[in-house]
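Take a look at the letters that make up each chain.
There are 2 protein chains.
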Amino acid sequence: MSLDLTLLHFPLDPASRQVRLALGEKRLPFTEEAVRYWERPAALVKLNPSGLTPVLVVAGGREPLVLCESRAILDHLEETHPEPPLLGRDPAERAEARRLLQWFDRKFDYEVGGFLLHEKMEKRLLGLGAPDLGAMRAGREALRAHLVYVETLLSGRDWLAGRRLSMADFAAAAHLSVIDYFGDVPWRDFPAVKTWYMKLKSRPCFRPLLADRWPGLAPAQHYDDLDF
Amino acid sequence: MSLDLTLLHFPLDPASRQVRLALGEKRLPFTEEAVRYWERPAALVKLNPSGLTPVLVVAGGREPLVLCESRAILDHLEETHPEPPLLGRDPAERAEARRLLQWFDRKFDYEVGGFLLHEKMEKRLLGLGAPDLGAMRAGREALRAHLVYVETLLSGRDWLAGRRLSMADFAAAAHLSVIDYFGDVPWRDFPAVKTWYMKLKSRPCFRPLLADRWPGLAPAQHYDDLDF
Chain C
140 MSLDLTLLHF PLDPASRQVR LALGEKRLPF TEEAVRYWER PAALVKLNPS GLTPVLVVAG
200 GREPLVLCES RAILDHLEET HPEPPLLGRD PAERAEARRL LQWFDRKFDY EVGGFLLHEK
260 MEKRLLGLGA PDLGAMRAGR EALRAHLVYV ETLLSGRDWL AGRRLSMADF AAAAHLSVID
320 YFGDVPWRDF PAVKTWYMKL KSRPCFRPLL ADRWPGLAPA QHYDDLDF
Chain Y
140 MSLDLTLLHF PLDPASRQVR LALGEKRLPF TEEAVRYWER PAALVKLNPS GLTPVLVVAG
200 GREPLVLCES RAILDHLEET HPEPPLLGRD PAERAEARRL LQWFDRKFDY EVGGFLLHEK
260 MEKRLLGLGA PDLGAMRAGR EALRAHLVYV ETLLSGRDWL AGRRLSMADF AAAAHLSVID
320 YFGDVPWRDF PAVKTWYMKL KSRPCFRPLL ADRWPGLAPA QHYDDLDF
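Chains C and Y supply the protein sequences, listed in that same order.
Count the first sequence with our numbering and you get residues 140 to 367, in order.
Count the second sequence with our numbering and you get residues 140 to 367, in order.
In short, the hints are calculated from the structure, not lab data.
If a hint is listed, it holds; no wrong ones were tucked in.
Taking lysine to aspartate or glutamate and the DMTMM-like style, the derived pairs with C-alpha atoms no more than 20 angstroms apart in a straight line are: (1) Lys259/Y x Asp363/Y; (2) Lys262/Y x Glu250/C; (3) Lys185/Y x Glu290/C; (4) Lys185/C x Glu232/Y; (5) Lys165/C x Glu217/C; (6) Lys246/C x Glu250/Y; (7) Lys165/Y x Asp214/Y; (8) Lys165/Y x Glu218/Y; (9) Lys262/C x Glu250/Y; (10) Lys340/C x Asp364/C; (11) Lys259/Y x Asp271/Y; (12) Lys246/C x Glu261/Y; (13) Lys246/Y x Glu178/C; (14) Lys338/Y x Asp319/Y; (15) Lys246/C x Asp248/Y; (16) Lys185/C x Glu202/C; (17) Lys340/C x Asp366/C; (18) Lys185/Y x Glu232/C; (19) Lys246/C x Glu178/Y; (20) Lys246/Y x Asp248/C.
Please construct the entire structure, taking both the sequences and the accompanying hints into account.
Spelled out as structure tokens, the structure:
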């Protein structure tokens, strides 16, 4: 079956990155189109009225299938391309992978990304001025609390949800990698997290993320270093 | 197969309400345990380290299966009790149901619930003082913008995602019903949304939600009225 996949995404959007990692891991080639979502481009809003990335367009059938929002895309990929499975093989594994997936998309995104990425990235893209130091501090403190939890999990597990790589790892890595682009992850204090992130960084699916650059936003020096 | 389901939830939490509606629609009896999540009760945090509701405990197997976070629970229910299907029967239906499910959990929750429910409910529960009028206004304006979109969708469809009732309807109704508890939904300006909500309110799965009351928080007079 010949699939024709086009992903509308923003390179530094954690939700978009999750989808790119999943597509890469499942070895599904796709065309990518980077969009400036904050300018509400017509092509994006027409496909997804929420105006948010990512959107995956699957051509090849009678009509193209338009998949909006990360979870809808991930669930569709899992249903149509089950190997390798990224959401676990039995109910307990799936429950754990989904719990952590939602942890990062709901709790981490709200408590950490909402501060750090808003201050360092969105304000820059939107021309809203310099980062607020109080907000940056709140985000960094929340990040440490989350890393303590992830460090505990990874001290007893190979991967975040257990014995197998899953979407939980990709969700965590997608969120952390954007924060790392701006140099705000205190890796050296969390050795198990750092080892896990090195393993992920070395996977072929991760390479395109390490090559991401956005005009006016330079990455931290160690960003694409596999041995950071 | 005899299942023993226990749901830890907060009656006015939209995520918890989605799960109660799905369990009701699939006719799965369950024991409910209301928790004061903002006090981080030990029983809740032990099951879900994020401290968030809902959590569903499935007993009956060798070990109980603990499902944390709404989407993990909904996906599990859909996999283990596929009838009636609440996420569509083909890829296009599923994509649309999931798009709208995430719309309400990501965009609506952030733009509307984050203001209205925080000001009117969370501040009350946490003893943080009176609602901020500017935040209430921002929430009400965002709510109107969302209702305009939902009105457009429902003018050409029986249900939110198309011809069949789905989790998209339950997600939308779960979020709107809590705002309606506090009397903030301008139903009369959105006739198609109102008709749709009347249909949902009349379903057996909705009855428990209409009976919800929380000490110190009285519902709007029309809250449990089927013909409001």
